[in-house]
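> Listed below are the residues making up each chain.
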Amino acid sequence: MAVEGIGARALRKEDKRFITGKGKYTDDMTMPGMGYAAFVRSPHAHAKVKGIDASAALEMPGVDAVLTGDQLVGNGIGNLICGWMIHSKDGSPMKMGGWRALEPEIVRHVGQAVAVVVADTQAQARDAADAVVVDYEELPAVIDPLAALEAGAPQIHPEAEGNLIYDWEIGDEAATNAAFEKAAHVTRMEIHNNRLVPNAMEPRAALAGYDAAEEHYTLYTTSQNPHVARLVLSAFYNVAPENKLRVIAPDVGGGFGSKIYIYPEEMVCLWASKRVGRPIKWVSDRTEAFLTDAHGRDHRSEAELALDADNKILGLRVKTVANLGAYMSLFSSSVPTYLYATLLSGQYDIPAIHANVKTVYTNTTPVDAYRGAGRPEATYLLERIMETAAREVGLSPAEFRRKNFIRSFPHQTPVIMCYDAGDYDATLDAALKAADYDGFAARKAEAASRGKLRGIGLSCYIEACGIAPSAAVGSLGAGVGLWESAEVRVNPVGSIEVLTGSHSHGQGHETTFAQLISERFGLDTNAVSIVHGDTDKVQFGMGTYGSRSGAVGMSAIVKALDKVEAKAKKIAAHLMEASEGDIQIEGGELKVAGTDKKLTFTEVALAAYTAHNLPEGMEPGLKEGAFYDPTNFTFPAGTYVCEVEVDPDTGKTEVVNFVAADDFGNIINPMIVEGQVHGGITQGIGQALLENASYDENGQLLTASYMDYCMPRADDVPSYNLSTHVTACPGNPLGMKGCGEAGAIGSPPAVINAITDAIGDNNLSMPASPEKVWALYHAGLKQAAE
Amino acid sequence: MSKVSMVLNGKTVSADVEDRTLLVSFIRDVRGLTGTHVGCDTSQCGACVVHVNGKAVKSCTMLAAQADGADVVTLEGIGTADNLHPVQAAFREHHGLQCGFCTPGMIMTAVDMINRHGAGNLDEATIRHELEGNICRCTGYHNIVKAIKAASDQMAGMAQAAE
Chain A
0 MAVEGIGARA LRKEDKRFIT GKGKYTDDMT MPGMGYAAFV RSPHAHAKVK
50 GIDASAALEM PGVDAVLTGD QLVGNGIGNL ICGWMIHSKD GSPMKMGGWR
100 ALEPEIVRHV GQAVAVVVAD TQAQARDAAD AVVVDYEELP AVIDPLAALE
150 AGAPQIHPEA EGNLIYDWEI GDEAATNAAF EKAAHVTRME IHNNRLVPNA
200 MEPRAALAGY DAAEEHYTLY TTSQNPHVAR LVLSAFYNVA PENKLRVIAP
250 DVGGGFGSKI YIYPEEMVCL WASKRVGRPI KWVSDRTEAF LTDAHGRDHR
300 SEAELALDAD NKILGLRVKT VANLGAYMSL FSSSVPTYLY ATLLSGQYDI
350 PAIHANVKTV YTNTTPVDAY RGAGRPEATY LLERIMETAA REVGLSPAEF
400 RRKNFIRSFP HQTPVIMCYD AGDYDATLDA ALKAADYDGF AARKAEAASR
450 GKLRGIGLSC YIEACGIAPS AAVGSLGAGV GLWESAEVRV NPVGSIEVLT
500 GSHSHGQGHE TTFAQLISER FGLDTNAVSI VHGDTDKVQF GMGTYGSRSG
550 AVGMSAIVKA LDKVEAKAKK IAAHLMEASE GDIQIEGGEL KVAGTDKKLT
600 FTEVALAAYT AHNLPEGMEP GLKEGAFYDP TNFTFPAGTY VCEVEVDPDT
650 GKTEVVNFVA ADDFGNIINP MIVEGQVHGG ITQGIGQALL ENASYDENGQ
700 LLTASYMDYC MPRADDVPSY NLSTHVTACP GNPLGMKGCG EAGAIGSPPA
750 VINAITDAIG DNNLSMPASP EKVWALYHAG LKQAAE
Chain Y
0 MSKVSMVLNG KTVSADVEDR TLLVSFIRDV RGLTGTHVGC DTSQCGACVV
50 HVNGKAVKSC TMLAAQADGA DVVTLEGIGT ADNLHPVQAA FREHHGLQCG
100 FCTPGMIMTA VDMINRHGAG NLDEATIRHE LEGNICRCTG YHNIVKAIKA
150 ASDQMAGMAQ AAE
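Sequence lines, in order, name chains A and Y.
For reference, each letter of the first sequence is one residue, going 0 to 785 in numbering that gives the first Met the number 0.
For reference, each letter of the second sequence is one residue, going 0 to 162 in numbering that gives the first Met the number 0.
Just to be clear, a hint being listed does not mean it is correct.
[What the hints assert, rightly or not] Pair ranges (Cβ atoms, derived): (1) Y/Lys2 / A/Asp119: 49 to 55 Å; (2) A/Pro619 / Y/Glu123: 45 to 51 Å; (3) Y/Glu123 / A/Lys49: 57 to 63 Å; (4) Y/Glu162 / A/Leu780: 55 to 61 Å; (5) Y/Val12 / A/Asp119: 18 to 24 Å.
Hints were generated in silico from the structure; no laboratory data involved.
C-beta atoms are modelled at their ideal positions from N, C-alpha and C, and glycine is treated no differently.
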């Protein structure tokens, strides 16, 4: 280790425990006397629960209890809720149906839990769960979101007539319609964003214990935001008051959004641990994960783009139906509204935009934020129609985009967002150069000589991160503030602990956050420890999602560091009889400028704690906390270029080159940022080519294991060509924008645009399976021959 | 119940377990070695890869009883924090891990891959093909591939130096 500050490719401090098998994930935790939970789940997409017979299960070896929804409700445990209020365009509030952690009356998707078995071992619990007999009366189910909105469709919740949750709009409809009336050209497309399953490699898990003497609960859980979990479990689910509930999210094996939410299983384990009188562990198997982890995307949209005679964009009109599944998950309502339609302006100067979004209940797994959350849907829609429009009017897709770029900042879009900084020409230029865009025709000809169809596609994405200014999101319906907290504790010997409300589940916070301190005080990163993920240690925090931990979490640390630095300088000035303004911090020492007087950081820290000689009236100690509330969203942006080869005989697509040029603002650790982009692009290529959560008409999830749901593997993707180009974010002290989701947001349209270029047909939907690509290409050939 | 004995990371261990006990349960729950992970239960993701008699095996799809008498090595058995195996060190050096959950299986697969092909004999295409049985959701494989290539080349250099 060494002094590794901002910009250093510091190797990760957390790695040693992971590469030696010493990581501590929830399933690695134990409590004395613990039993195991297994859930009894509905095999039907929609059914009345007429009775539950647990008598045989209760006789089985090791079984403590079989608990049902009636008991849960009887104990006063509250419904699961959606924490973001959206109002329809007529002013009415969204229609939220009741969601119980164990359902006593009507199940609404396959996999919904109706009972839980607690037994000595996991195998005993699972055996007994199989022996619980549930009497169901099947009801008609509706799976397709458009069908769910049709008259006469099965009604899923009594609260939501016609299965419509809200009918929301944004933008100026009259101005947008007027723009279309004067258009020289209009491009129209139907665009689907396929349903995905996040698939963090660590399945969700919970270990809950209850201390009767203290009336205190402890929950280990796979969470991206343990404080939010505690808040929701306390304030809404009525499991325990906050001071009687400790939530610990230890090492967490990936999240991608799916571990933001507080699910039925964690809540049931807590409740059952008291009721049964022993600690209870539950670990999801992969099929349970497919059936119960919140899914992502699932939008059906109609989009229209109006151009003038000079190919400048006049307006964009969008109608979207978003499938939220059987229940409204914690932040589900915000995803197809404020995280989606507010990004429809992309990198372009669009005078008029109007979007209408209807969200709908179906008998499928709930849908919520998944890496990108709304922004991939906006980017996919806009970048598909931009590429298609360019082809229709006969312009180079790159030049068409360039012609419409926003170039002056701040830029107010017609859909709320005010972009603060960016240079879209810079990332486009860099990407085109790295991809040798000009040399594509020769590569296409060479591929043709080998019988392959080569295509190239662009995507110029923008996203909104740094989520988010609390007052702004509050006015838009959020039930929480989205600030972050930090505390910097300097120990008497000068080592430092930083407590943060952010949570790392792969992002490397223990390293990047330590680099901030290393930079500020010139200390070895080994002298800095990052503490996170435990509500007993960290006072409060909003957790990690929405690429917010740099722009928001680290800004809170900077604020706390400012206070520590100011106090340390006061102490040093006092001890060295110098003016506070003359104290400089350099290489772990506090120096009096222009003299050889200096104190080590350790000497100053020790002086703070011995308190023998502090400035008049100063409190002992060197520990400061801060809350940081963002001033604006941040706006990472960039250009991705994908080049593919399609085999015309099989329809199989190979990604032969992928270039990403990103503007993330200032970067703390380039190595970690590159890793985020690699992973994001791969998830985006997965969405474009391979992944799809597929239901049959009865609501059975056909893709509920890795044998059926096609995850991207190493030989499905290439190595990537990355670069970054900085315009600093003016809104936060480090000038950071965020990098966690960009790859997943920017890549799907680049891939599909490349394939449609290769096969000469714009009407391709994701995932671009070989069958689909082959059929489109050959239909085109047939049509051309006729 | 069956009595199962094996050499686990160089130490002879035995326990009475239910006949249906999986090797991964024996390793994790009976022996408390939690470095080996379960990611999918259907031998698709490879988070549970260990070596049984020198071969990479998905321990979620093998009974503990089938490993009776075998020599089993897990991630904990190939190196320590103070004395990392070259593959472990390369994963760190090249940022070949993020959340760390797939990492045990990735490293054990990589060691097996290098053993079978011979150090220094791996190119990118071969590595990507050989990783077919291991899923990572974080890294996009880019840096895993780099790490395995670097470890393979480094181990070839070490072997040459030793000759």
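> Output the indices of the hints that this structure fails to meet, ascending.
1 and 2
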